[in-house]
Amino acid sequence: MREISFTQALDEAMLEEMERDARVITFATRRATALERTFGGKRVRFTPISEAAFTGIGLGAAGSGYRPVVHWGMVTFSFVAMDQIVNQASKIRYMFGGQADFPVTYRCTTGGGAQIAAQHSQSPYSMFMHLAGLKIVLPATPADAKGLLKSSIRDNNPVIFFECSRLAAVTGPVPDGDVTVPLGVAEVKRAGRDVTVVGLAYYVREALAVAEALAREGISVEVIDPRTLVPLDVAAIRASVRKTGRLVVVDEAPATCSAASEIIAVVTEDPETFRALKAPAQRVCAAPVPVPFSPPLEKAALPDQARIEAAIRRVL
Amino acid sequence: MREISFTQALDEAMLEEMERDARVITFATRRATALERTFGGKRVRFTPISEAAFTGIGLGAAGSGYRPVVHWGMVTFSFVAMDQIVNQASKIRYMFGGQADFPVTYRCTTGGGAQIAAQHSQSPYSMFMHLAGLKIVLPATPADAKGLLKSSIRDNNPVIFFECSRLAAVTGPVPDGDVTVPLGVAEVKRAGRDVTVVGLAYYVREALAVAEALAREGISVEVIDPRTLVPLDVAAIRASVRKTGRLVVVDEAPATCSAASEIIAVVTEDPETFRALKAPAQRVCAAPVPVPFSPPLEKAALPDQARIEAAIRRVL
Amino acid sequence: MSVEMLRAMILIREFDLLAIELRKQKRVHGVVHPYVGEEAVAVGVCSALRRTDRITSTHRGHGHCIAKGADINRMMAELFGRVDGYCKGKGGSMHIADFAIGMLGANGIVAGGLPIACGAALAAQLEGAGAVTACFFGDGATGEGEFHESLNIASLWKLPLIFVCENNQYGAENAVESVRVVGDIATHAAAYGLPGVTVDGNDVLAVHDATRAAVERARGGDGPTLLHCRTFRWLFHAMRDAPPPETRSADLLASWTARDRDAIARLEDHLAGQGVLTESALRTMRDEVKRDLDAAVAFAEASPYPDPKDLLVDMFAP
Amino acid sequence: MSVEMLRAMILIREFDLLAIELRKQKRVHGVVHPYVGEEAVAVGVCSALRRTDRITSTHRGHGHCIAKGADINRMMAELFGRVDGYCKGKGGSMHIADFAIGMLGANGIVAGGLPIACGAALAAQLEGAGAVTACFFGDGATGEGEFHESLNIASLWKLPLIFVCENNQYGAENAVESVRVVGDIATHAAAYGLPGVTVDGNDVLAVHDATRAAVERARGGDGPTLLHCRTFRWLFHAMRDAPPPETRSADLLASWTARDRDAIARLEDHLAGQGVLTESALRTMRDEVKRDLDAAVAFAEASPYPDPKDLLVDMFAP
Ligand SMILES: Cc1ncc(C[n+]2csc(CCOP(=O)(O)OP(=O)(O)O)c2C)c(N)n1
Ligand SMILES: Cc1ncc(C[n+]2csc(CCOP(=O)(O)OP(=O)(O)O)c2C)c(N)n1
Ligand SMILES: [Mg+2]
Ligand SMILES: [Mg+2]
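Protein chains in written order, with the working numbering: chain H, 1 to 316; chain D, 1001 to 1316; chain E, 2001 to 2318; chain V, 3001 to 3318.
It should be emphasised that the hints constitute simulated quantities derived from the structure, not laboratory data. Don't take every hint at face value.
In silico DSSO-like pairs for lysine-lysine, Cα to Cα no more than 30 Å straight-line [as the list claims (entries may be wrong)]:
| # | chain 1 | residue 1 | chain 2 | residue 2 |
| --- | --- | --- | --- | --- |
| 1 | D | Lys1299 | E | Lys2290 |
| 2 | H | Lys42 | E | Lys2158 |
| 3 | H | Lys150 | H | Lys278 |
| 4 | E | Lys2290 | E | Lys2024 |
| 5 | D | Lys1299 | D | Lys1243 |
| 6 | D | Lys1278 | H | Lys243 |
| 7 | V | Lys3290 | H | Lys299 |
| 8 | D | Lys1150 | D | Lys1189 |
| 9 | D | Lys1042 | D | Lys1189 |
| 10 | H | Lys150 | H | Lys299 |
| 11 | H | Lys189 | H | Lys42 |
| 12 | D | Lys1278 | H | Lys278 |
| 13 | H | Lys278 | H | Lys243 |
| 14 | H | Lys278 | D | Lys1243 |
| 15 | H | Lys299 | V | Lys3158 |
| 16 | D | Lys1278 | D | Lys1150 |
| 17 | H | Lys299 | H | Lys243 |
| 18 | H | Lys189 | H | Lys243 |
| 19 | V | Lys3026 | V | Lys3290 |
| 20 | D | Lys1150 | D | Lys1299 |
| 21 | E | Lys2024 | D | Lys1299 |
| 22 | D | Lys1189 | D | Lys1243 |
| 23 | E | Lys2290 | E | Lys2026 |
| 24 | E | Lys2309 | D | Lys1299 |
| 25 | V | Lys3026 | V | Lys3309 |
| 26 | V | Lys3290 | V | Lys3024 |
| 27 | V | Lys3158 | D | Lys1042 |
| 28 | H | Lys299 | V | Lys3024 |
| 29 | E | Lys2309 | E | Lys2026 |
Pair ranges (Cβ atoms, derived) [stated by the list, open to error]:
| # | chain 1 | residue 1 | chain 2 | residue 2 | range |
| --- | --- | --- | --- | --- | --- |
| 30 | E | Gly2193 | H | Arg20 | 33 to 43 Å |
| 31 | H | Asp304 | V | Asp3292 | 52 to 62 Å |
| 32 | D | Arg1020 | E | Glu2173 | 26 to 36 Å |
| 33 | E | Ala2175 | D | Arg1020 | 38 to 48 Å |
| 34 | H | Arg37 | E | Pro2244 | 22 to 32 Å |
| 35 | E | Thr2052 | D | Pro1295 | 48 to 58 Å |
| 36 | D | Ala1209 | E | Glu2173 | 35 to 45 Å |
| 37 | D | Arg1020 | E | Glu2246 | 30 to 40 Å |
| 38 | V | Thr3284 | H | Gly40 | 49 to 59 Å |
| 39 | D | Thr1180 | H | Ala215 | 47 to 57 Å |
Only a predicted model underlies this, so the values are computations on that prediction, with no experimental measurement involved. We put the beta carbon where it would ideally sit given N, CA and C, even for glycine.
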């Protein structure tokens, strides 16, 4: 298998899906030069800096037969468009009684770690998860990025596709050809017996590194990557916790009302899993602050291997 | 003590706070006729339908020495203003190193139950809780409404004050005079031994009704009203669960990444409380759909006493 | 055609007057935003559109639905919250849609429909079959950022779109003069490089003609037009259990509801003057409208409420 | 005064050229958005303001800070992420503020500062002491809804505000013509009933004069002005580890950087022509600027990084 970067994997997915289906169109404030060259300025557009308008345009075009892929840039900029996401996209199919489909994919980058401070280092996927009506995708590897973006574009619902910035340049094996990854299916990235660590995006890697280190001490860590947050593969997470009896969730969003809170809730409220739980579930999340600029502060604000390891040791 | 309605209690708080402090100003798209008569059109304004602008105006005026109370109308309309809330208000003090304070209060109505369908029946407080940097208030009684609104206006930070629509006409005793309720302090609305029910807003009443009914069977339910969601009185909730060993959280927002998820997480991750937990914690929340219009569907979508009771029985 | 327009306007008015009565009786649910007095805008615009053209609507959307050709039985069933409603009872008054006739939905969010309309227009532009989109919004919506963003992008991309501002002089309780400085909303067009046209929104033929010109321009690939229709909301902004009290002056109301300003009376008089419509034909028409509305109520009441076990149906498309 | 303006413009340019070098060397962190070429806008505007007047800024905010009188030591320390920076290292380049001098903050969100500026202007109006607010934003910001909403509400409320559009011809990689149809951004003003003025943004005296007129109007209670300043971004939009390659034509660049168009050279020549500035005085000025900048870097590097244990400090006001 080829080793390509996360970004290259996403570019391949766009190219292949636009080739596959002429109804796939795309726009963003930033020019997608390569796609524009291949598919022309009708299907590949750049827009004014008008996120509310072009988010709604994606939705309207989706309801009229197209399959838009709208790139917001950073997730930060989606907040300008929140009316179209919360009040329109997440509700439009259900409130109209299912009479039309809205196959639109919203892409955005997410996360901290690059010293670009509060506004440009956000990881607010849980805010979108809370809205019934959107599918939420958060890949951690180049292969998943490609396969999940393909599935998102082919899905007949509004999907928000988060691209962790710290993964952009990370490389990994990506299968050739048209390989999709289904939405709603978690992957056990490493099997283990003693504790389940659910990591999101960049923190799948970090969790794997910690698992590797602890293996040398005979501690067996299972690392699960949900890959999609809506639908969340609750069955896979619960099954793992029933096996290990211990849960640590790692993510770079602040803990309050986060995806990590949700994962703890779905584990705790299930009688059988609850009975299997031998220790308090732990969240390893960002400190409850806007991400600060200065490198030592930013480092202190975000999870890291030491904090993951400490949480694992706390529950063992 | 006088019995007045939730709405009257809020009106009194506004009147008294504007009297108390000339820096309190207020605006909304809807005219506040009584306040305008008393305090004049300079301090009491109505605005164009421009939520993004007037949300930011509140923030800018707060940073320049005033204490604006901005009423969005329904929380629905806040999504038009989300940039100013997420990217500006929640981060502005911290990212500028604490050099200025931003004492702005955003009021809005929330909740379903009035057959006004998907867009106008939202309860998305958890989306705002997730953002480090906002205080979040959600009162359940007229007295708390008045006392908490006063505290919110006097607080030196951005506060979002949610007013549950189904409580607007509900009456209750409200103390005379300048009585405040502190932010961050839960109240045990009914003491009990067997199970802790944390209810939010309208569902405090419903939980109390269920507690009353179950008392006749000898089941002793403790009902806790957090009153503010940020800061959340984690100590009070944990203490109650350590006593009862059982937890049910009731709210009309959908469960995923909700305040209910958060409450379960803070209970589960605390070693001592976890050890005291005798049964899986339960969420009684809205179905994961936009709130439907038709009365039987809406009723099915939202929690009710029967579902609260069933959840209590499940954990006993 | 003008007779058809008259019939549509009468149907719209009677539909909403009936909806108010039904709401008072608590037979229909939720909120009612009556379109009474503004019928010429919906009918003038939609009569210049084809079935394959699309529209987006507002919270005050019944008139747009009817003008675009929606089935009043299914509309009524929706207000009643029944399974045979357009949205199977899930939407209600503020969320009626009929994608089959290009009615892409009412919208409870002021200005929320404009970006969606741009998206529909983009789809039409890509399809290349000459379809256009008309996008209704109120004077109050001009305060929102989505209004501005949509005008800019539609002009830039030459989208086949007609922006129809229904200036009914009020946004809820606020007079338009109290929320914007410049009265003529068409003045916004210049900064986007598109035509801005102000018409008498109570003259259905004038609205139709102005729309036709805008539609031609749009179909010809020359882009959008901003059409500013001056009209008036005869009744209250919205009602739940009971209509709120009128706060506007009696003089103002009288000046707009006078026979020479009422869009329906004007078209009646015009058609009578032309000899196209006799008194008795008019009476027949009004009787038919009444019969159709009675039938719609009967249809709605015969339809069952949705089954709570279908609560999760329609959430996600397969 | 003009000599002070020249000094400020030179300092702004040299500050940003230095910031680029420091960023290449990884001594400062994050993103740098250089203001090189646009100095006359910040200086022309701020020289017409008082210390008690307020401004809001953008992602490209170093020039606005310096023009409003910020301390370059604390600015530099902020870029270095040190505790003596304006935000104690919590903000960085995109979030510098100095409330003591009325600099209410840079802003990473395009158009995000406009509503905040309206709020500051409202405060000034209520205070009644005649303070005004100037609000900087780019040509790209005119695509955002917040631009429109702010113009409308500021005009309606006659807020003492100057909307300063820095049209540097590009929003990131996109030429202004590619994102809007009408080139003259001042044309937006008419629909809001406020004056729209276009000036040569590379002529600091013209910017100053236009601002002074707008400030007088604002202090007099007559409301806001939209000031459209045509200028040019000499360098890249933004850099992280290395400056991105230039994609614009050499001819275009040459036409804007030519001595007769460069704002700094023009003022130098003007002052020299007037006999106000000798060659040696200019040399001295440039030397002083360089010395001040060296001192700022020394100040920044002498300042410690924030202590991680202070991570939660500054979150909530007591
Ligand atoms: C974004 C948003 N803000 C506020 C409201 C509340 N609201 C509903 S209708 C309305 C007035 C709308 O006025 P206009 O656009 O003139 O339409 P009209 O009601 O006159 O038809 C308001 C403020 C809303 N629905 N959406
Ligand atoms: C709401 C929002 N959308 C997108 C961006 C990304 N972005 C940062 S600067 C920029 C270009 C801004 O152009 P302009 O307003 O002309 O300012 P300039 O950079 O030219 O000074 C963009 C698109 C952003 N910061 N905020
Ligand atoms: Mg109106
Ligand atoms: Mg620019």
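Worksheet item: Is the hinted range of 35 to 45 Å satisfied by the C-beta distance from D:Ala1209 to E:Glu2173?
Response: 37 Å, holds
Item to complete: Would you mind confirming whether the straight-line C-alpha gap from V:Lys3026 to V:Lys3309 stays at or under 30 Å?
Response: 24 Å, holds
Straight-line alpha-carbon gap D:Lys1278 to H:Lys243, limit 30 Å
20 Å, holds
>> A range of 33 to 43 Å was offered for this pair. Does it hold for the Cβ distance of E:Gly2193 and H:Arg20?
In response: With Cβ atoms ~37 Å apart, the hint holds.
Item to complete: Quickly compare the C-alpha distance for E:Lys2290 and E:Lys2024 to 30 Å and report which way the hint goes.
Response: Distance of about 19 Å is within 30 Å: holds.
Straight-line alpha-carbon gap H:Lys42 to E:Lys2158, limit 30 Å: At roughly 12 Å apart (the allowed maximum being 30 Å), E:Lys2158 and H:Lys42 satisfy the hint.
With a cut-off of 30 Å on the C-alpha distance, tell me whether H:Lys189 and H:Lys42 pass. Given pair H:Lys189, H:Lys42 is violated - Cα atoms ~40 Å apart, limit 30 Å.
* Kindly confirm whether 22 to 32 Å is satisfied by the beta carbon distance between H:Arg37 and E:Pro2244. => 58 Å, violated
Report task. Mind checking the alpha carbons of H:Lys299 and V:Lys3024 for me, to see if they're no more than 30 Å apart? Result -> 21 Å, holds
| request: Could you grab the alpha-carbon distance between E:Lys2290 and E:Lys2026 and see if it respects the 30 Å cut-off? | output: 20 Å, holds
Q) Between E:Lys2309 and D:Lys1299, is the straight-line Cα distance small enough, at 30 Å or below? A) 12 Å, holds
Note to self: Against the 30 Å threshold, does the CA-CA distance of D:Lys1299 and E:Lys2290 hold or violate the hint?
What the structure shows: Roughly 34 Å separates the two Cα atoms, so the pair is violated.
The structure does not agree with the numbered hints 1, 3, 5, 7, 9, 10, 11, 15, 16, 17, 20, 31, 33, 34 and 35 stated previously, though it agrees with the rest.
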